[in-house]
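Chemist: If you read the sequences in order, they're chains A and B.
Under our numbering, the residues of the first sequence are numbered 1 to 438, in order.
Under our numbering, the residues of the second sequence are numbered 1 to 370, in order.
Hints are computed from structural coordinates only; laboratory data are not their basis.
Since the structure is predicted, the reported quantities are computational estimates derived from the model, not experimental observations.
Think of the CB as a built atom: it goes at the ideal place given N, C-alpha and C, for glycine as much as any other residue.
Worth double-checking, as some hints may not be accurate.
As the list claims (entries may be wrong) - Pairwise CB distance ranges, derived in the manner of DEER restraints:
| id | chain 1 | residue 1 | chain 2 | residue 2 | range |
| --- | --- | --- | --- | --- | --- |
| 1 | A | S93 | B | E76 | 55 to 65 Å |
| 2 | B | P296 | A | R318 | 48 to 58 Å |
| 3 | A | R318 | B | E160 | 32 to 42 Å |
| 4 | A | R350 | B | P116 | 24 to 34 Å |
| 5 | A | R318 | B | D252 | 30 to 40 Å |
| 6 | A | D277 | B | D252 | 30 to 40 Å |
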Amino acid sequence: MTADAREPEYREPRILLADADAFFVAVARLVDPEGAGKATLLIVGGRPGSRGVVCSASYEARAYGVRSGMGISQALRLCPGAMAVPVPRGACSQKSKEIRDVLARFAPVVVAASVDEFYLDMSGTEALYHHEPLSVTAQRMRAAVLADTGCRISIGGGTSTLVAKIAAGAAKPIPGSGASGVHIVLPGGEEAFMRTQPLSEIPGIGPKAQERLRSLGLVRVPDVLDADPAQIRRYLGEKLATWLTRKARGIGASALHGRDQQKAMSREDTFDHDVTDEAALETELQRLAVRVVADLRGDGLRARTITVKLRENDFTTRNASRTLDSAVSTERAVFGVARQLLHKLRATRRKPVRLLGVALSHLDDGEIIEQLSLIPDASAAPSETPRDRALAAAMDRVRARFGPGAVQPASLLADTAPTSVEDRSETDGPRAVGPRRR
Amino acid sequence: MRFTIAREKLQEGLAAVAASIPGKTTLPVLANILIETTERGIRFSGTDLDIHVSHEVQADVERPGGITIPAKKLQELARELPPNPVKIESAGEQKVSLECGRAKFKLNGLPKDDFPQFPAIRFGDGWRVKSADVRKLIKHTTYAVSTEESRPILNGVLWELKPDHMRMVATNGHRLAKMDIAVTGHGAQASDLIVMPKALDQVSKLFPDEEDLEVARGDNHLAFRSPFTTIFTRLIEGPYPNYEQVIPKDNDRFAIADKDALSSALRRMATVASDQTHRIKLSFNAGILRFQVNTPDLGDGQDEIPIRYEGDPMDIGFNGAYLLEILKNIPTPEVRLTFKAPERAATVEPEGWSDPATYLTILMPLRLSD
């Protein structure tokens with residue numbers, strides 16, 4: 001690039017967060033224009049009387065107090081006139097991909113933070129867009145996404161993922177907010193923008209942290225920035241104080257790392273009816289293990305830590321996990337450990353089960369390195385042999401050709417397992433912020 | 001209870017039992033220290049239910065009795081007291097007053113009867129061993145225990161007391177350390193004990209080399225005693241795996257290396273080794289040992305050191321962290337390694353050790369497949 005008088009000001013990173021507005025609601029309306037499409041008060045997550053939890057709700061329904069994560073029946077008590085529909089799962093992934101494809105026409109780097117959130121790195125694209133303001137480009141992206149996918153998105157922008165994320169919240173055209181769907185925080189304006197925000201908007205400050213900060217008189221960003229730094233350090237400790245002060249100033253990651261490795265993946269199901277039968281639980285566990293292992297191998301990864309999650313009918317959630325000496329990637333190894341963990345959990349408390357999940361972490365894509373054993377462990381979970389891996393690879397090839405259901409463990413063929421109303425897969429890898437559902 | 005104690009003696013008693021008091025506990029009395037008067041002075045006791053440590057110090061007892069006091073508070077206080085005698089007096093079952101110079105304190109405690117008792121163990125039936133010998137066994141073996149919950153038996157150290165020798169063995173299933181020391185006339189009959197490493201840590205810390213130790217076994221407990229200090233610990237129930245059968249007998253490749261040169265090369269390699277597998281490849285050749293690390297997404301490294309080696313050239317992979325830990329405990333400047341094949345157990349031993357004790361460590365390699 002030649003020396004340009006305007007160049008210095010364009011050296012700032014330009015990060016956008018494109019966030020689909022009430023994504024699940026929007027998709028539910030697109031797939032059912034006559035039903036859900038006409039309901040102003042719409043709750044997505046499950047049918048009335050089902051055991052699902054609210055995945056998302058229309059802004060109008062939210063005005064009644066409906067929130068993500070509450071049971072469908074509770075949501076309908078709060079908002080009796082609402083229509084409740086299940087999550088249109090296939091359509092959601094399809095729409096998510098379509099939105100991403102449109103955004104990729106505009107931005108050189110697009111990183112999906114969740115099914116409905118995408119970070120875009122627009123740094124260095126100034127000349128490409130003839131030095132038009134970023135907000136103008138962002139408005140064109142919104143129009144293109146709406147035209148091509150039928151979904152509305154809001155876009156926040158700034159010099160870091162943190163500011164972009166919070167600006168996207170400010171951009172949401174919630175009725176009465178007067179927001180336009182795009183909010184760009186210009187370089188140098190981060191602190192002024194952050195000063196308008198409550199601390200609860202900062203990713204990483206959850207309800208518990210908010211409560212603790214509130215008890216110290218820290219509610220809004222200026223409460224932190226205007227306080228005596230020594231006092232904040234005394235309250236929160238050196239590490240947390242530094243973290244909070246940086247976030248409050250709007251300092252965050254200024255580049256996207258699209259290929260960062262995932263840290264964890266999981267699959268979990270909430271059952272239609274509480275499950276008490278141990279054999280049925282085991283079958284369901286195997287089903288989850290098969291699915292999460294398929295995700296794992298699909299990404300060319302192996303996992304060392306296996307976690308089983310159990311939620312009982314009184315909403316007590318318990319986990320058990322084990323870290324193996326060597327990373328594994330086959331159904332046999334993962335299910336073998338998961339089954340032992342399930343037994344361990346059920347041995348301490350045997351309540352009807354509402355939700356079951358399997359998570360894999362300590363992921364690794366390096367060479368398969370096996371620590372040989374001096375004293376074989378008879379009680380240990382069956383570890384993975386080269387034969388298991390060859391078998392898994394063969395099954396992957398069959399599934400790739402004939403579909404995911406082409407090869408299954410025989411125990412899963414008899415349809416005895418409880419059906420599920422919720423199924424989600426999460427990853428905690430590349431995103432600068434956690435997944436968000438609405 | 002009323003007594004006067006020198007500040008230093010108070011600090012000594014508290015320091016001895018401090019490590020046995022759990023940092024976090026659901027049973028409030030465990031956060032307390034038990035203080036009792038004895039014929040010789042004052043006995044301090046602490047326990048986390050696995051281990052129970054008592055230590056006696058001199059004091060002038062005016063009125064016998066006992067009470068428990070929050071250990072942390074008493075330690076903080078003892079550290080800050082002026083260098084004067086400390087007068088301690090119980091006021092009822094749950095309060096204690098403390099005076100030192102012109103400073104006066106009252107602390108809330110708990111009745112002494114709330115403090116858990118350990119089963120009585122008869123020392124008369126036990127063994128007499130040299131503290132120096134036990135500490136030497138502990139130092140060279142306990143590092144190898146497993147910290148994983150999946151095999152509780154390997155969380156303990158096997159201590160074999162035989163008529164003519166003592167042995168300690170520890171393993172995590174991948175590496176093993178074993179040491180033997182000849183003894184004469186230690187008393188009681190042979191016994192195999194599986195002891196928690198944290199109890200052995202206390203033994204190492206609290207019994208100086210020159211002391212003679214009495215060791216006695218109860219049903220599920222083990223006790224160590226010197227004139228002023230007693231440690232009780234729960235035993236881990238066996239049987240311990242048959243480790244004898246994994247000791248390689250037919251290793252026919254031998255290497256002798258300078259321990260410090262080998263350790264520094266391994267530490268250099270470790271910087272680019274995977275922090276999960278710590279894999280380092282070693283290539284043994286006549287006269288030279290080559291190291292190679294290749295960690296995807298991180299980088300690679302090579303190094304070499306001169307060694308003496310007999311046998312066919314061989315490549316073998318090890319967890320570098322395990323090997324370094326073994327070398328750290330080898331008592332000689334030179335180390336001897338033996339091998340059979342790249343996927344068979346290797347041994348690492350001191351070379352030219354002029355000590356009556358015998359020491360052997362075993363390390364399983366890493367297999368590289370696919």
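Chemist: Against this structure, judge whether each hint is valid.
Modeler: Verification of the supplied hints:
Taking 55 to 65 Å as the suggested C-beta distance range, the pair A/S93 and B/E76 conforms, at roughly 59 Å. For the pair B/P296 and A/R318, the supplied restraint of 48 to 58 Å is violated, since their beta-carbon distance comes to about 36 Å. Taking the beta carbon of each, A/R318 and B/E160 are about 40 Å apart, inside 32 to 42 Å as hinted. A beta carbon spacing of about 31 Å between A/R350 and B/P116 agrees with the range 24 to 34 Å that was offered as a hint.
The hinted window of 30 to 40 Å between A/R318 and B/D252 is violated, with their beta carbons roughly 52 Å apart. Between A/D277 and B/D252 the beta carbon distance is about 57 Å. The supplied range of 30 to 40 Å is therefore violated.
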